[in-house]
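Undergrad: Start from the sequences and build out the full structure, keeping to the hints where you can.
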Amino acid sequence: MSRQQGSRQQGSRQQGSHEQAGHQLATAEPASPSSQRRALDAAALRERLRAVGYADVEVVESTGSTNSDLGARQDAPNGTVLLAEEQTAGRGRMNRPWSAPARSQVITSISFTLPEIPAERLGLLPLLVGLSIGRGVREITGVPAELKWPNDVLVDGRKLVGILVEAPQVHGVPRVVVGFGLNYDLTREELPVPHATSLALETAASATPEDELRDNTVPALVSREDLIVGILLRLQEDLDRFRNLGGAPEAFLSRYKQLSATLGAHVRVKLPQEEILEGVAVDFAPGGELVVEKENTRHEVSAGDVIHVRPGDETKDY
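Be aware that the sequence shown starts at -13, since it is given in my numbering, and climbs by one per residue.
Simulated from the structure, these hints should not be mistaken for laboratory data. Since we're looking at a predicted model, the values are computed, not measured. Where is the CB? At the ideal position from N, CA and C, for every residue including glycine. Careful: at least some of the hints might be erroneous.
What the hints assert, rightly or not - Here are the simulated BS3-like cross-link-like pairs (lysine-lysine), alpha carbons at most 30 Å apart as the crow flies:
(1) Lys243 / Lys280
(2) Lys243 / Lys256
(3) Lys256 / Lys280
What the hints assert, rightly or not - What follows is a list of derived Cβ distance ranges for each label pair:
(4) Arg227 / Arg24: 29 to 39 Å
(5) Ala88 / His252: 34 to 44 Å
(6) Val46 / Asp291: 41 to 51 Å
(7) Val46 / Val268: 19 to 29 Å
(8) Glu260 / Gly232: 30 to 40 Å
(9) Ala234 / Val268: 33 to 43 Å
(10) Glu176 / Asp291: 34 to 44 Å
(11) His285 / Ala30: 44 to 54 Å
TA: The following block contains the structure:
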């Protein structure tokens, strides 16, 4: 299957109809040194997100983990949003630590109650969230984000966003906490790992020679507020469709495949029992499992670390 690559859009970038429907865009800002990074406008975010159906919206300066904090709030209304300027004990998949300088990321967790979704379909949520974020990054910034199964957003093989979906139970009501961290204006020296990237770096990389000759500047970096609102609007759209179809994969899986960097790739999967499965990623099962073909046999993988194997047996271990 051919992957949708998309083009980096220059000059006037596609903002999408979401932000134009009654919401004034904030002024885009370029990347700035750590000492000059601007705080989120909590009041503006609260107003914009409540206007489209989100519940409580809170911005904190620092916390251990937004997912842990929100997961512990058993009475959190559906659509509660918690954002942090800094995470000191952020967790990725397999409980890997993930940290960065204050105000250099978009760190967000949202609590959703999902009584309409069967338990066996909750495993699709990391893919759905990835699709919403990937769409948001592409449509708001023009950066050609792709999706790595099950919970990362990449740009040309470099990690831009990590996703963590957890499912605490509250009095028998299915509830999930959706968390993600997006590298916003990290410099190359600040990246937590060599195979990461940031929106600022990718935006600068999209500059054309014509841009530089015209005004000696790189394209403006969209504000964190616009990015947050744009992504959460798309998440709301995708989740509403998923709910309305009772958790059916048809709600989004074909669109996920279009943005997948994993589909069609030669992969090496580290399974939970320390086994290794190597083959070609050929499909996603209805429950969100990765289908890997090895020696004409197809294997469904529900959990595991995926490495994209490049020609010459070089790997991208992200």
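Undergrad: Straight-line Cα separation of Lys243 and Lys256 no greater than 30 Å?
TA: Within the cut-off at roughly 22 Å; holds.
Undergrad: Check the following: the C-beta atoms of Val46 and Val268 are separated by a distance inside 19 to 29 Å.
TA: violated, 43 Å
Undergrad: So the hint says 41 to 51 Å: do the beta-carbon atoms of Val46 and Asp291 match that?
TA: For Val46 and Asp291 the Cβ distance comes to about 31 Å; the hint is violated.
Undergrad: A range of 29 to 39 Å was offered for this pair. Does it hold for the Cβ distance of Arg227 and Arg24?
TA: holds, 34 Å
Undergrad: So if I understand the rule, the pair passes when the alpha-carbon distance is 30 Å or less; does Lys243 with Lys280 pass?
TA: holds, 20 Å
Undergrad: Look at the Cβ atoms of Ala234 and Val268 and judge whether their distance stays inside 33 to 43 Å.
TA: violated, 21 Å
Undergrad: Cβ-Cβ distance between Glu176 and Asp291: within 34 to 44 Å?
TA: Between Glu176 and Asp291, where Cβ atoms are some 25 Å apart, the hint is violated.
Undergrad: Does the beta carbon distance between Ala88 and His252 stay inside 34 to 44 Å, or does it fall outside?
TA: Cβ of Ala88 to Cβ of His252: about 39 Å, so the range 34 to 44 Å holds.
Undergrad: Is 30 to 40 Å right for how far apart the beta carbons of Glu260 and Gly232 are?
TA: Roughly 36 Å apart at Cβ, these two residues keep to the hinted range, so it holds.
Undergrad: His285 and Ala30, beta-carbon distance inside 44 to 54 Å?
TA: holds, 48 Å
Undergrad: When you check the alpha-carbon spacing of Lys256 and Lys280, does it fall within 30 Å?
TA: With a Cα-Cα distance of about 15 Å, the restraint between Lys256 and Lys280 holds, given a limit of 30 Å.
Comparing the model with each numbered hint stated earlier shows that hints 6, 7, 9, 10 do not hold.
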